[in-house]
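Peer 1: Sequence:
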Amino acid sequence: MSSVSSASSAIRARELGDLLRSRRERLQPADVGLPAGTRRRTRGLRREEVAQLAAISSTYYTYLEQGREVRPSHQVLDALAAALRLDAAERGHVHELIHGAPPAETPAAAESLSPVVVSLVDRLDPCPTYVTGRCFDVLAANRAARALWTDWPARPPEARNMLWWMFTDPEARQVMVDWPGEASALLGRFRTAAARHPGDPAFSALLDRLRAASPEVREWWPQHKVVPLASGTKRLRHPVLGELELHHVVLQLADEPEHKLVTFTPTERDQARISELLRLRL
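For the sequence shown, full-length UniProt numbering assigns the number 1 to the initial residue and increments by one for each residue that follows.
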C-alpha cells in the first residue's frame with residue numbers, strides 16, 4: 001500500500017470513529033429499547049450497549065471508535081447503522097468511508113467546463129442556473145443566478161466557492177431566508193463529497209480555511225451531518241424583488257459526475273419579474 005493510500009485509509013478510519021462516537025452520544029437507552037439503569041455517567045449510550053445492539057464484541061467496537069484501521073465488513077456497518085439509528089444518507093456515508101473508491105494518488109486537475117455547458121447555462125436565463133465543481137467552486141452561473149446570489153465572476157478566484165460565500169460573506173445571510181438551514185445542509189453535502197476524495201488536498205485546504213473563518217463551521221463540522229444531493233426549494237431575498245421561492249433540480253453531468261448543474265424554476269410571475277430585472281441591468 002502506498003503512503004498516500006495508507007494515509008487516506010487512516011483518515012477514513014478516524015472519520016468513521018468520530019461519526020460513531022457522535023451518534024452514540026446523541027442516543028439514550030430508551031431510544032433503542034434498553035433500560036436506563038442506574039449510575040449512568042456516560043453521555044448517551046455506552047460502547048458495550050452499541051456493541052450488544054450490533055451483535056459485535058465490545059473490543060471490536062472500541063477499536064472502530066478509536067479510529068483503528070480494522071476495515072469492518074458491509075454487514076457490520078449495516079448492523080452499526082441500525083444500532084445507532086443512522087438515516088439513509090448517514091448509512092451510505094459510512095459505507096463510502098470504508099469501502100468507497102480509492103483516493104487519487106495525485107491531486108485532481110483544475111476543473112473546467114466545456115463551452116457547450118456554459119452556453120446551456122446562459123440559455124436558461126431567466127431561470128437561475130449555476131454549475132459547481134467537486135469542492136463546490138462555482139464554475140458557471142447565468143445572469144439570473146448572478147443577480148439573485150452574487151456576481152461570481154467579479155469575486156476573487158479563491159472566493160468563487162459556494163461554501164466560502166455562504167459562511168464568510170455577510171451578503172449570504174441576507175440572501176438566504178433560512179440561512180442556518182441552508183448553510184448546515186451545504187456543509188453536510190460538502191462532507192458527503194469529501195468522503196469520496198479523502199486524499200484530495202483541495203478539500204482539506206478549503207475546510208481549513210472555513211474553520212479559520214467561520215465559527216459555525218467549527219461548531220457544526222464535528223456533528224458529522226451528511227446530506228445527499230437532492231432537488232428541493234430555496235427561499236431567497238432580493239433587495240428589489242423581495243422574497244422568492246424557487247424550486248430546483250440538481251443534475252450531474254455525464255462527462256464529469258462531480259460537476260453539478262443546479263437550475264431553478266420560478267413561478268410565472270417571478271420569472272417575468274426576474275426578466276425585467278435583467279433587462280434593467282443591461
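Hints may contain errors.
Label-pair restraints from in silico Cβ distances [said to hold, decoys possible]:
hint, residue 1, residue 2, range
1, GLN252, HIS74, 23 to 29 Å
2, THR42, PRO222, 17 to 23 Å
3, ASP78, THR267, 39 to 45 Å
4, ALA110, ARG41, 38 to 44 Å
5, LEU229, ALA36, 26 to 32 Å
6, ASP208, ARG279, 40 to 46 Å
7, SER57, LEU251, 40 to 46 Å
8, ARG123, ASP78, 43 to 49 Å
9, SER231, THR42, 37 to 43 Å
10, PRO153, SER231, 22 to 28 Å
11, THR42, ALA185, 26 to 32 Å
12, LEU241, ALA10, 31 to 37 Å
Hint data in this document are derived by calculation from the structure and do not stem from the laboratory.
By construction, the Cβ of each residue, glycine as well, lies at the ideal position given by its N, Cα and C atoms.
Peer 1: What are the numbers of the hints the structure violates, in ascending order?
Peer 2: 4, 5, 12
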